[in-house]
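Peer 1: Kindly produce the complete structure, drawing on both the sequences and the hints.
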Amino acid sequence: MQLKGNRQSLLPGFVVSCALFAMATGLLLLLFSQQGNNSINLGSRYHRILAWTALQATLSTMISVVIGIVLGWALSHRQRFPGRAVFIALLSSALVLPTLVVALGLVTVLGRSGWINDALQLAGFDPFKPFIYGLPGILIAHAYFNASFAARTVLNRLQSIPSSQLKLASSLGLTPLQRFRLLEFPALTTALPALCTTIFLLCFTSFAIVLVLGGSPKYNTLEVSIYEAIKLDFDLGRAIGLSLLQLGVCALLVLATNRSASVLSIGAPARLTTGLHYSKTEIANQYLVIVTFGIFFLMPLVAIVSDGVTGDLFKVLLQPVFVKALITSIAIATASTIIVLFASILICSSITTLAVRQGAEASLLSRLMLRFINFSATLYLVIPSLVLGLGFFLLARQTGGSYLLWSVVSLLAANTLLVLPFALTSLSPAMIKAANRYDRLALSLSITGLARWRLIESTLVRPELAYVASLAFCMSLGDLGVIALFGSQDFVTLPWLLYQKMGSYRTAEAAGVALVTLALTLFVFLTLPRIGTAPRET
Amino acid sequence: MKFISLIFTALISTATFAQGKPVLTVYTYDAFAADWGPAPGIEKAFEETCNCDLVFVAADSSIGALRKIQLEGPQTSADLIVGLDTNIAEAARATGLFAEHGADTSKVTLPTGDWSDKTFLPFDYSYFAFVYNKENVATPPTSFEELIALPADFKIVIQDPRSSTPGLGLLLWIQQAYGDKANDIWKGLQPHIVTVTKGWSDAYGLFLKDEADMVLSYTTSPAYHSIAESDDRFASAAFSEGHYLQIEVAGILQSSKNQQLARDFLQFMLSDTVQDIIPTTNWVYPATSTEAGLPEGFQSLHLPEKTLLIDGVEVEKQRKSWIDQWVDTLGQ
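The listed protein sequences correspond, in order, to chains E and U. Numbered according to the working numbering, the first sequence terminates at residue 538, and the numbering increases by one at each position without gaps. Numbered according to the working numbering, the second sequence terminates at residue 332, and the numbering increases by one at each position without gaps.
Derived from the structure by calculation, the hints contain no laboratory data. Take these hints with a grain of salt, some might be off.
[Said to hold, decoys possible] Calculated pairs, BS3-like style, for lysine-lysine (alpha carbon to alpha carbon, straight line, at most 27 Å):
hint, chain 1, residue 1, chain 2, residue 2
1, U, Lys-209, U, Lys-257
2, U, Lys-118, U, Lys-68
3, U, Lys-118, U, Lys-317
4, U, Lys-317, E, Lys-218
5, E, Lys-218, U, Lys-68
6, E, Lys-218, U, Lys-181
7, E, Lys-315, U, Lys-209
8, U, Lys-107, U, Lys-306
9, U, Lys-209, E, Lys-218
10, U, Lys-68, E, Lys-324
11, U, Lys-187, E, Lys-218
12, E, Lys-324, U, Lys-107
13, E, Lys-218, U, Lys-118
14, U, Lys-44, E, Lys-315
Peer 2: Here it is in structure tokens:
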């Protein structure tokens, strides 16, 4: 009976999921059925590429999760210090920071003639040998993005430990290690499998970082090998073969781990004081961790700002190509944001209906539907943007039509798939909460459809919507994926322009582009959610 | 979604249509199209007489420009490609996408003598060489074997033979000089390679940022520093094996709707106007001897005593297997 008013919200989300799924399968069928100049093959080195991709993803995951746990732990115990809120905001931002901007920042700091080496030489020490290009660089960059994500998740989990338990631990006189083993680690275990899988998949399909920091074919991931097969060798058969291989591996991983995405929420956690007493060494250790990783996370950004400002910032800003890239990027990001908002609202409505129903009468059908909808939202993890891009590419070749049009369509599709998993993670819990609170009331007042949305959800989940919007805008703004295939002089985005300028003759200009991208990303990411939560004027 | 993308298309593509004039689109590599490259000067000079809009589209590397055309297939907006070389020309010819250039090549003066290729037209040449900064490298290696013997912290940056003609040139250089032992040279080079870049300008940028001691470039590159920057610190290392010759070529696409204009442009590439622009913008030798001659500063450059060059047809027969082996060696 309770469900009657909800049923209508099931359809739109289901349709969106079906559309996403249809697009994915359509492109896949296209890949399968491709009769190109050469037959589908894997090339002679695929086992090596696969092994290497898995190895670096495993290492990256281990490093990221360990740093994440240590840093999240330190932050959960240091509730008050100047800059804590900023640091945590920064950790949340890492998710949306443009990969290339950070890569450029890391090179500026850790490169052969980077800041660290300059400082070492100034202090009279021998400089480091070059290490940023190759495995260390890839691991460091992956750790930068994923450790901050992990730290944020860990912090969230740790802060949700009831303070009564912490007080109990304190009165029992547990050592920090015992406390971690008995209290804190168990709190993490629910999140760890999903966290590890997500990070592993992100590193497994890593593209931009490996592309610019990889250095030699030795470090090619599957994703980069697909890119190279298309862009360097024009061997579509091999590109398709490798795409299918990557798809198979990712699909297996996603299906094997029954991931419940909600544990990965990185939304703002409730503040609490731990009420624990710490020894001096404990406090010192916690601060040591915070300061060390604070420097690690800040330095590349500081480097971008300082290089960008001292470089030819003004000259960069006035270049027509830059203006074009800026406008295109903002337009694409805006369009992607709108699409993501619509898609995630519709999908979340369905998830909410199904999730609420799960409590009431969990039929097999509704459980399957929930599975299906959830899976459609995580398609990106299975079908990385390059595979998607290749699909659109072949479609563009087969159908004729404007190449540019297909570029835009594939970019919007890729951005949508990229953001959706993260969008759902933060939106669906809020909508389920709203549903639990107001379903009966709405039903008894016969408020349904748009009216219900306007009166209930739009107010209650506004902060989450604003967050999703900022996420969608920033991730779309900074992503170098499909654009690497489609980018051209006629179709320039900021990340593509940055990729073009990076490491080339014009490093000062690269820093300028990076600075603008960074500033725009941080501005939108940090202010948009605030606008969302500001009280509505009446 | 479609509506939005239509707006985009309209928005973005307006820039490429000039007012009624035919648009001649040239795909090339980034350094050629750069503000400081030959393209702006050539564009200005050609547009004075052609009553057209000459547009250079930069790919991130020379072979990248060819791949872009292959990817776009018959829908490509390119009328011409500028910046392939004799090593990749056969691969380009095999695509069947190119038409005859129809240009008069009698003025061409290349180290290889007369020009007979009717599809691809030469417009400049130089010799591959490793460029170094004399302040950082006191005694540069004089051969690949000497380079390999240097301590592992002596770093070089090279280009990818799959995307960049200098990268391919190095592969062929070592191949011709060492034959069956070429792979050993690569094994020895591997620890010295900081990174393999997609195109020349990436590599050169890294070198100027001091990320490497030497960069794969041209014997003529130091001229840029001495002429444009009055900076005499840069030189190319003379190798006893000889130096591999690169002849850069241009070609017309069969799918081009501006065949005559494209032919005019190619002939214009051999005019004194363009040939005099080339040395101080692309920093290589022009393909013809112009009236004005080479600029001051080119005379002092190292001119290889021994020139290496593998026949293009032979290169194309072996290219795939040599590259596969290269990837394997570097991928270990």
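Peer 1: Hint by hint, note whether the structure agrees.
Peer 2: Now for the hints, and whether the structure bears them out:
1. Lys-209(U) <-> Lys-257(U): violated, 43 Å
2. Lys-118(U) <-> Lys-68(U): Roughly 23 Å between the alpha carbons, so the hint for Lys-118(U) and Lys-68(U) holds.
3. Lys-118(U) <-> Lys-317(U): holds, 20 Å
4. Lys-317(U) <-> Lys-218(E): holds, 25 Å
5. Lys-218(E) <-> Lys-68(U): holds, 25 Å
6. Lys-218(E) <-> Lys-181(U): This hinted pair holds, its Cα atoms lying about 21 Å apart.
7. Lys-315(E) <-> Lys-209(U): holds, 20 Å
8. Lys-107(U) <-> Lys-306(U): Cα-Cα ~24 Å, so holds.
9. Lys-209(U) <-> Lys-218(E): holds, 24 Å
10. Lys-68(U) <-> Lys-324(E): holds, 21 Å
11. Lys-187(U) <-> Lys-218(E): Roughly 13 Å between the alpha carbons, so the hint for Lys-187(U) and Lys-218(E) holds.
12. Lys-324(E) <-> Lys-107(U): violated, 41 Å
13. Lys-218(E) <-> Lys-118(U): violated, 39 Å
14. Lys-44(U) <-> Lys-315(E): Status holds; Cα separation ~22 Å.
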